[in-house]
Amino acid sequence: MNKMQNEKLAKQLMKKSKTARYERFGKAISLLALLLIMVIVIGIIIFVASKGLSTFFKDHVKLSEFFGGTLWNPGTTTPDGKQSVGALPMIVGSFLVTLLAAVVATPFAIGTAVYMTEISPKRGAKILQPVTELLVGIPSVVYGFIGLSVVVPFVRHVFGGSGFGILSGTFVLFVMILPTIVSMTVDSLKSVPGYYRQASLALGATQWQTIFKVVLRAATPGILTAIVFGMARAFGEALAVQMVIGNAALMPHNLVSPASTLTSVLTAGMGNTVMGSLENDALWSLALVLLAMSLFFNLLVHFIGRKGAFKK
Amino acid sequence: MKDTQLQSKIAIGILKGIAFSVVLILAFLIGYIFVTGLPNISWGFLTRPARAFQAGGGIGIQLFNSFYLLILAMLISIPIALGAAVYLNEYAKDNLFTSIIRTSIEILSSLPSVVVGLFGFLLFVIQFGYGFSILSGALTLTIFNLPLLTRNIEESLSSVSDDQRQGGLGLGLSKFETIVHIVIPAALPGIISGVILCSGRVFGEAAALIYTAGQSAPALNFADWNPFNIDSPLSPLRPAETLAVHIWKINSEGIMPDLSQVSSGSSAVLVLAILIFNLSARYIGKKIFEKMTSEI
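Chains W and B are the protein sequences, given in the same order.
Numbering follows numbering that gives the first Met the number 0, with no gaps: position 13 of the first sequence is 12.
Numbering follows numbering that gives the first Met the number 0, with no gaps: position 6 of the second sequence is 5.
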């Protein structure tokens with residue numbers, strides 16, 4: 000009898016308690032959710048890569064033809080008998096709108112951020128903060144619609160041409176990436192310690208000299224990160240650009256001739272091709288370029304972050 | 000001496016001008032959307048089905064689809080994001096595994112939404128055979144939504160003070176019990192405002208949906224709420240063009256005579272909905288702040 004009781008007690012003590020099991024269950028469930036996200040990321044990269052690479056492995060298109068060719072009409076051949084899957088016009092288009100939008104947006108964004116943190120923090124918090132948050136919230140199709148009904152006619156009127164083209168895309172993207180760059184620049188300006196400013200002012204520097212030579216210098220890595228984030232957003236933006244750029248897969252001759260970007264060709268073309276055909280594979284290769292650029296921007300942000308951290 | 004002061008004045012004047020011009024840009028955008036859009040909004044416009052060739056179409060089905068997709072996507076993504084955020088904030092140690100996971104969440108959040116949409120197309124529409132449907136759309140929106148939602152929830156979890164956790168553990172609760180009964184309830188207002196903010200983003204998303212939820216809005220029978228009938232509003236396997244997709248679609252290939260009225264009205268409805276999402280998130284955020292500062 001006593002022995003049996005002892006055995007029972009021993010069993011009870013050796014077994015995990017209900018709480019401990021609950022604890023393990025909870026931890027496992029939350030880990031599972033996290034792993035699911037990681038699996039999705041890996042899945043996206045593998046799926047898009049395997050689809051995108053089949054242009055080169057299955058259809059035997061040379062890398063130089065894809066990245067150097069200027070004739071995009073998948074399914075047909077060029078006069079010299081090669082597949083016409085030259086993606087250069089779209090790649091140039093994407094880089095051009097991204098760089099131009101970043102070049103236009105950066106001075107505006109830094110100016111606004113400096114105003115918000117250095118010149119008038121009160122008004123900055125009261126007016127400009129909600130303004131940038133609202134601008135972030137406006138969906139890209141609405142930007143596209145405004146681009147189509149305001150920017151395109153404006154460009155047509157002032158610069159000639161049809162109005163569709165790189166310039167209209169730049170204007171639309173400029174407004175779209177502005178709030179991203181502003182809010183991240185504000186964060187990096189705010190993280191510059193106050194005694195930097197006081198020291199500079201105490202040395203007799205004017206407010207502008209303090210801002211330009213001290214605060215902006217100290218915040219440079221953060222500002223660069225902000226610009227890269229803005230460029231990443233511009234590079235991946237699809238619908239707003241697609242609505243104003245004209246969608247002609249031609250090398251852009253000037254800023255007001257119809258052009259196209261990787262995203263615009265993808266959105267316009269994916270529905271009209273058959274899975275597994277060369278036309279379709281070529282589109283997936285464009286998606287792969289897009290994915291690779293997005294990873295590159297990520298890497299750049301990490302790199303800048305580490306460089307910036309070294310300095311301090 | 001004078002020169003530098005003049006230079007400073009001029010430079011700061013220019014900065015003020017730049018900040019002012021940014022406000023002007025927003026004022027113009029909002030003004031344009033509402034001035035051209037609001038006159039086109041009426042009860043009929045909000046409830047009628049769209050018309051492809053004649054004037055007088057509405058956005059009833061698109062509006063319903065947008066909300067239905069939003070709710071489904073949120074139902075799927077909130078539990079996953081909550082679990083992931085709990086692990087990251089409460090359990091994860093500072094090691095290689097954690098930094099790999101954090102990097103992959105960053106990668107997911109910076110992926111262009113069109114790439115997410117194409118992945119959804121490949122996996123859900125073709126591989127799983129769901130076709131262009133609400134289900135494919137909701138699952139794709141979940142992927143689109145997860146990284147940001149996880150980050151928002153993690154932030155609100157990390158703002159809960161450690162005293163609360165120690166209190167729970169001190170009373171003999173296990174770590175997970177502490178999280179479920181103490182940390183999550185304390186972080187709930189922040190979580191809710193994060194969820195609402197993400198809802199605004201999901202509501203306006205179109206690029207991820209074009210090839211997953213489809214670009215057509217077949218007529219619905221609003222008397223039939225059996226999800227297994229294909230023309231029921233609740234059917235998860237019907238194609239469902241959302242409001243954002245509708246704006247894109249009619250502007251790129253629409254031929255109805257009142258195209259500009261329909262698109263400006265739809266844009267105004269979309270922006271209005273997102274404004275409401277943002278303002279309510281801000282309001283809830285303010286409420287928590289008041290509660291926190293008056294209680295502690």
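Treat the hints with care, since some could be wrong.
Derived PhoX-like pairs (lysine-lysine); straight-line CA-CA distance at most 20 Å [claimed, not checked]:
1. W/K212 - B/K1
2. B/K1 - W/K125
3. W/K26 - W/K7
4. W/K15 - B/K1
5. W/K26 - B/K92
6. B/K92 - W/K212
7. W/K2 - W/K26
8. B/K15 - W/K121
9. B/K285 - W/K212
If you are wondering where the hints come from, they were derived from the structure by calculation, not from laboratory data.
Structure-based check of all given hints:
no.	hint	in the structure
1	W/K212 - B/K1	holds (18 Å)
2	B/K1 - W/K125	violated (33 Å)
3	W/K26 - W/K7	violated (29 Å)
4	W/K15 - B/K1	violated (79 Å)
5	W/K26 - B/K92	holds (13 Å)
6	B/K92 - W/K212	violated (40 Å)
7	W/K2 - W/K26	violated (37 Å)
8	B/K15 - W/K121	holds (14 Å)
9	B/K285 - W/K212	violated (37 Å)
Checked against the numbered hints given earlier, this structure breaks hints 2, 3, 4, 6, 7, 9; the rest are met.
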